[in-house]
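What follows is each chain in one-letter form.
Protein chains: 4
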Amino acid sequence: MSSSFAGQKLCLTIFGQSHSEAIGMTLDGLPAGIPVDTDALQSFLNRRAPGRNDWSTPRREEDRPEFICGLRDGFTCGAPLTAIIHNTNTRPKDYSKLKITPRPGHADYTAELKFGGFQDFSGGGHFSGRLTAPLCVAGGLLKQALAARGVTVDARIAEIAGIRDEGAFDASVAEKPFPVVDDAAGERMLLAIQTARAEGDSVGGVVECVVRGLPAGIGSPMFDGLENQIARLVFAVPAVKGVEFGAGFEAARMRGSEHNDAFCVRDGRVETVTNHAGGILGGISNGMPLLFRAAVKPTPSIARAQQSVNLETLSEETLTVEGRHDPCIVPRAVPAIEAAAAIAVYDMII
Amino acid sequence: MSSSFAGQKLCLTIFGQSHSEAIGMTLDGLPAGIPVDTDALQSFLNRRAPGRNDWSTPRREEDRPEFICGLRDGFTCGAPLTAIIHNTNTRPKDYSKLKITPRPGHADYTAELKFGGFQDFSGGGHFSGRLTAPLCVAGGLLKQALAARGVTVDARIAEIAGIRDEGAFDASVAEKPFPVVDDAAGERMLLAIQTARAEGDSVGGVVECVVRGLPAGIGSPMFDGLENQIARLVFAVPAVKGVEFGAGFEAARMRGSEHNDAFCVRDGRVETVTNHAGGILGGISNGMPLLFRAAVKPTPSIARAQQSVNLETLSEETLTVEGRHDPCIVPRAVPAIEAAAAIAVYDMII
Amino acid sequence: MSSSFAGQKLCLTIFGQSHSEAIGMTLDGLPAGIPVDTDALQSFLNRRAPGRNDWSTPRREEDRPEFICGLRDGFTCGAPLTAIIHNTNTRPKDYSKLKITPRPGHADYTAELKFGGFQDFSGGGHFSGRLTAPLCVAGGLLKQALAARGVTVDARIAEIAGIRDEGAFDASVAEKPFPVVDDAAGERMLLAIQTARAEGDSVGGVVECVVRGLPAGIGSPMFDGLENQIARLVFAVPAVKGVEFGAGFEAARMRGSEHNDAFCVRDGRVETVTNHAGGILGGISNGMPLLFRAAVKPTPSIARAQQSVNLETLSEETLTVEGRHDPCIVPRAVPAIEAAAAIAVYDMII
Amino acid sequence: MSSSFAGQKLCLTIFGQSHSEAIGMTLDGLPAGIPVDTDALQSFLNRRAPGRNDWSTPRREEDRPEFICGLRDGFTCGAPLTAIIHNTNTRPKDYSKLKITPRPGHADYTAELKFGGFQDFSGGGHFSGRLTAPLCVAGGLLKQALAARGVTVDARIAEIAGIRDEGAFDASVAEKPFPVVDDAAGERMLLAIQTARAEGDSVGGVVECVVRGLPAGIGSPMFDGLENQIARLVFAVPAVKGVEFGAGFEAARMRGSEHNDAFCVRDGRVETVTNHAGGILGGISNGMPLLFRAAVKPTPSIARAQQSVNLETLSEETLTVEGRHDPCIVPRAVPAIEAAAAIAVYDMII
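Chains as they are written, first to last, in the working numbering: chain B, 16 to 365; chain F, 16 to 365; chain Y, 16 to 365; chain R, 16 to 365.
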């Protein structure tokens, strides 16, 4: 098994290939009686959809999940919930050359090895970023279920091409078309994206996610802590190459006296003065906002010619990846990161 | 369950508290016939032991695992392998005040919430860094099993207090008393640790780990990829607050043309010119060295007075953590990170 | 999670309700390159389909699985394999009274309690025997994969209404419309079924399954042995109330000298003279045919008036279950039992 | 993994070989704050211990579990609970011939195949019935935790050598030295055991277990129902070859009108008039006593000469198993079956 996340309570399975008849997901273990707002879910999915803006690939289709079971009159019924999204816009392009000449930065080569020649290369197969759509279906549903418990999950672009967005943020930022606090920084990011595209190149960035309202005492030490589970799920989003909590790698450069979050009492509640721990101590929530960041590598599909190898002749070759590609997938990764966090947190909270 | 890692084949359980009669681990699912070199294992465990040097806490005891089952004539016999380490040096100190006034940066507060007053606070209980000893027993055994397959797992100190160690490294570096390539940088790190200690403070750092000899094609996309599993295990090491693979967070600042690792042919084998991917594409090994880094926060136990709260009176209090503590746990985290990586990789390779 | 079987390698999820838009299954963890013969699969599914004969409910529809992902050119591609079956023949009958007056022998009452009023009662919801269709899709595929390795899984009716079928059997029996060795016994069983139906009643029986060609040495002691896993899967077939291996409950009445299977050498291979162990010793296959039986209770839906309770008024009520129902589901359980066995065995053999 | 049961919440690992330094178990996932009565636990373990009576093997030692972690002041502390039992009475007997000439009815042959010559044959290794001691430690603890919730788990001898015990029973029967309701039947069973022993033979039987006080609504359909989980655990007890719930295999011979349990109202509660379902409908408890039976094969170790094979020469040989052995293990299986049931039920109830 590779595409099933068996958590404490939930078993989430993501299925489909980029160009198979459909992609989808099943959430097993969801309690009965959770209301599902399909309009709100669609709005969430639209944040991930391609082609929303000129910095993204041209719009092709809306991702409309079809719930084939698990719902009754708008509520979960206790049976597994399955949603599928039909792949209507698959082009009968020839992907067979990826089998012979793998694209740098993609999984073509490793998939060929692992699946012994049976990999579905079309559109990247099961490795495609398109599979974040069913991840977002699952996560979007669980975001709603969390919100009903007063827990919110919001992310934003923290950095693109080295340009940072600073300041606190909430859902109003997460839902912006370009989710940054500082729109001026956002403009500079967009310019960097456009420049990269004009140069046949791409850029990466960092997504920051915050979970608010999580009760203190959720999680576990050792292998099933909040950090372990969130990291496990966030690395399911293609292109993520790093995950850090609270001060993260910056903590490595701090003194203990600086990094330790002093406890304090605010409005009769125990809190911490700072939040370098990102809301997690010993794998367990401490009641402060849970905060983490994920590093997103630059889109591997670029217009420039790249060096690859011909796996049949074992000789080096120049490869040019065709088609139009997102010069930056960070904006579309934002809801996927929220989804991954929502799945991890919901599984621990029920 | 929180302290059991149920992987593809292995189920590893870590048990014990800092001051319980014993701590230990069980590895279930290990094939029969694996030779165990207990001397080599002891050498590995000694790398983790406290008190080896003057930058660490004073030596108290050697961690001597006792194998109570699972071995026969020096080979695994197919039954679960259990090793325990007796806690001989537990002092009957009074830890009850941690229940009322939690230490900043520790799990005292969150454990109290989660375990509803039944937590074993003595020495940090199950949250103690001491539990990395059984993790190292498991990882040390699996490092041997991996080595028999030509796979090596080595780590070093990549950074302490902002001072970096550069350059490639191998086992000879990993096994140094202070595992850095550049001993001059190491001297500066040691000075920074001593300075922090003199000031009643602590410092953090970064551990870098490399897995060599891993065949290409190991791993999976989505939830059970190499990144997911390694991250899940590495976050089991207390104080780790971030994990990144290959270029990691730096990838976020690179262009695609720069980050993509061009394929090439060397000695008749497919390799990549650079290794920004850290040996992983789509969650699957590509045959290049698997490389990752973990951020280790500064030791939360510091000599300075800190602000905390009295959970009974809900008033703020000043707390001074007594006893002697490592001003920097990064050197001792090095073998623990190797252990975590070895467990993740071995589970995927068998 | 309840409808996901996370085995050693496979994760099988069964989804859908009797009258939801579709039902289906996902097999995650299947190796790439397994050929799928959809015609042979359809033949297998037809063995389970209702309405094949006059002892069954009238024919409504063929169960035609639609593979929406995981296949490429007739081979598994390594990505999760998902098949759905559309529920075309759902009648908009009113099932709301089952919520108030549960049917004896059905899960109406327990589902109402567990799902707090959100259960999808229509046609039995997720508890319906219809869900054995996706189980048979999974099992039918794995039967093919096993056959390619020389392992066959065949079942037959061993008993209906106390009438036994004796003698050894193989696939030719399993594939009969009424799968018994002794057709005369089969005639008596059919007569018993018709009599029960005429009397507004139903009968139960026993299914016997044999797995041949399983190599010796497959399985594990303790919790993950062949018996544990097969039993776990076979109890997923609704109406199964008992599972026994080899001599089973009859072993309880035997002497050790009689029950122990003496080892012998036949054609240079180690075998046993008898097979009271059903091919399993210590949870591990011994190379003899793996043999087990499952007890199937009489169909709970009967035409006769039955005593139930009104859950709103907490008063006793007489209930008459409407519609036509199988007076005996044993024949249709035969392929479902084969499917369960194939899933358990395949998961252990890869 | 084979000796780890990863349930909904709990992960139970059983470790040790018959003659290793120690055997034991770890329960991970147990809530903090559960009181442990070690005297009551010892009484429970004594029910399993050998040598209590003249129908059993001569007394050698008491099984005294040593809790090495997970307890604090008599309560679980939230960390994994590990107990070990030292093997003090291991005799340095030569078991090497079992490697060459396997005992009929034992796992010697299958273990040799599976573990490729590295199996620990001494005393049966990990396959030994001795491993039910740690199973009983886990189950005994959880029986206490269940009792605190009003749930009792009791078993009795339902049949030995074809002689049945009839009538309802409770804890007072379960705790008898020879746990039967009808002592006259018990006398006949004892006589049958003595006769078998005198003839160098052994007898089997059936254990019946009842769980009372289980709230309605516990369990799940499909793979994680009460039947699935109980069966999975009960088959971990060596020598069990069949498991049936409620009417079990007898249900196969009943009419639906007879088998269906009519609902009724008693003292304002919904109950059923009969309990052929054994308290389970659709995998979920219905509030009636949960009832199941397990078939226990006759002890495979018998004094008579038996036919085996020499695995080196591939020739048939006569084998005589030395030492004294229980001519009937059914009485000692009674607490082990209770333990298995308690583990399954507790895991589902928390």
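Please keep in mind that the hints were generated in silico from the structure rather than gathered at the bench.
Keep in mind that a hint or two might mislead.
[Said to hold, decoys possible] Listed next, the in silico SDA-like pairs over lysine to any residue satisfying Cα-Cα at most 20 Å (straight line):
no., chain 1, residue 1, chain 2, residue 2
1, Y, Lys108, Y, Asp88
2, B, Lys114, F, Lys108
3, Y, Lys24, B, Gln23
4, B, Lys114, Y, Gly48
5, F, Lys108, R, Lys24
6, B, Lys24, R, Lys24
key: Numbers of the earlier hints that this structure fails to satisfy, in rising order   = The structure conflicts with hints 1, 2 and 5, although it agrees with all the remaining ones.
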